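Undergrad: Sequence:
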Amino acid sequence: MHFTVEEENLICMYHNADRRRTIGKITAAMPGMDGDMWTLAQQTLSKLKRMTDSDYDSQKFYFTDENE
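Mapped onto my numbering, the consecutive letters of the sequence shown carry residue numbers 77 to 144.
Fair warning: there could be bad hints in the mix.
Claimed, not checked - When the alpha-carbon atoms are kept at most 20 Å apart in a straight line, the in silico DMTMM-like pairs for lysine to aspartate or glutamate are as follows:
1. Lys-123 <-> Asp-112
2. Lys-136 <-> Glu-82
3. Lys-136 <-> Asp-94
4. Lys-101 <-> Asp-131
5. Lys-101 <-> Asp-129
6. Lys-101 <-> Asp-112
7. Lys-136 <-> Glu-84
8. Lys-125 <-> Glu-82
9. Lys-136 <-> Asp-110
10. Lys-125 <-> Glu-83
11. Lys-125 <-> Asp-94
12. Lys-101 <-> Glu-83
13. Lys-125 <-> Glu-84
14. Lys-123 <-> Glu-84
15. Lys-125 <-> Asp-141
16. Lys-136 <-> Asp-112
17. Lys-123 <-> Asp-133
18. Lys-123 <-> Asp-94
19. Lys-123 <-> Glu-82
20. Lys-136 <-> Glu-83
21. Lys-101 <-> Glu-82
To be verified - Simulated restraints, written as ranges between beta carbons of each label pair:
22. Thr-80 <-> Thr-103: 16 to 26 Å
23. Asp-110 <-> Ser-130: 18 to 28 Å
24. Asp-131 <-> Thr-103: 14 to 24 Å
25. Met-77 <-> Thr-115: 12 to 22 Å
26. Asp-133 <-> Gly-111: 23 to 33 Å
27. Lys-101 <-> Lys-136: 12 to 22 Å
28. His-91 <-> Trp-114: 29 to 39 Å
29. Ser-134 <-> Asp-110: 24 to 34 Å
30. Met-127 <-> Ala-105: 30 to 40 Å
Derived by calculation from the structure, the hints in this document are not laboratory data. Bear in mind that the values here come from a model prediction, so they are computed numbers and not experimental data. From the three backbone atoms N, C-alpha and C, an ideal C-beta is built for every residue, glycine too.
Could you put together the complete structure from these sequences and hints?
TA: Quick look at the structure:
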C-alpha cells in the first residue's frame with residue numbers, strides 16, 4: 077500500500093501498537109479536524125482499513141518534516 081507523505085505523517089502522529097488502534101485514534105480525533113485535515117484523515121483511514129494487519133506490521137512509517 078502506498079501512502080503519501082501527508083498520510084504517513086498523519087499515521088505517525090496517531091501511530092499505536094496495531095492497525096486497529098491507529099484507526100481508532102485517528103477516528104477519535106476527526107471531530108476536532110478542519111476540512112482539509114478531515115479529508116486527509118478520511119483518505120488515510122480508507123487505506124488503513126483496506127490493508128491487512130500483517131501488511132501494517134511490515135510497513136515502516138516515517139515522519140517527514142516539510143523543511144527537509
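Undergrad: Check whether the Cα positions of Lys-125 and Asp-141 lie no farther apart than 20 Å.
TA: Given pair Lys-125, Asp-141 is violated - Cα atoms ~26 Å apart, limit 20 Å.
Undergrad: Would you say the C-beta atoms of Asp-133 and Gly-111 sit inside 23 to 33 Å of each other?
TA: This hint holds: roughly 32 Å between Cβ atoms.
Undergrad: Run the distance test for Lys-123 versus Asp-94: straight-line Cα separation, threshold 20 Å.
TA: holds, 15 Å
Undergrad: With 24 to 34 Å as the target window, see if Ser-134 and Asp-110 comply at their CB atoms.
TA: holds, 32 Å
Undergrad: Do the alpha carbons of Lys-125 and Asp-94 lie within 20 Å of each other, as the hint requires?
TA: holds, 12 Å
Undergrad: Check the hint pairing Lys-125 with Glu-83 against an upper bound of 20 Å on the C-alpha distance.
TA: Since the Cα atoms of Lys-125 and Glu-83 sit roughly 13 Å apart, the hinted pair holds (cutoff 20 Å).
Undergrad: Does Lys-101 pair with Glu-83 here, judged by a C-alpha cut-off of 20 Å?
TA: holds, 14 Å
Undergrad: Is the hinted pair Lys-136 and Glu-83 satisfied, with a Cα-Cα distance of at most 20 Å?
TA: Given that 20 Å is the threshold and the Cα spacing comes to 13 Å, the pair holds.
Undergrad: Within 20 Å, alpha carbon to alpha carbon, are Lys-101 and Glu-82?
TA: holds, 17 Å
Undergrad: Taking 30 to 40 Å as the stated bounds, is the beta-carbon spacing between Met-127 and Ala-105 within them?
TA: This hint is violated: roughly 20 Å between Cβ atoms.
Undergrad: Please work out if Lys-123 and Asp-112 have their alpha carbons no farther apart than 20 Å.
TA: With Cα atoms ~17 Å apart, Lys-123 and Asp-112 stay inside 20 Å; holds.
Undergrad: Given the proposed pairing of Lys-101 with Asp-112, does the C-alpha separation stay at or below 20 Å?
TA: holds, 18 Å
Comparing the model with each earlier hint shows violations of hints 9, 15, 16, 23, 28 and 30; every other hint is respected.
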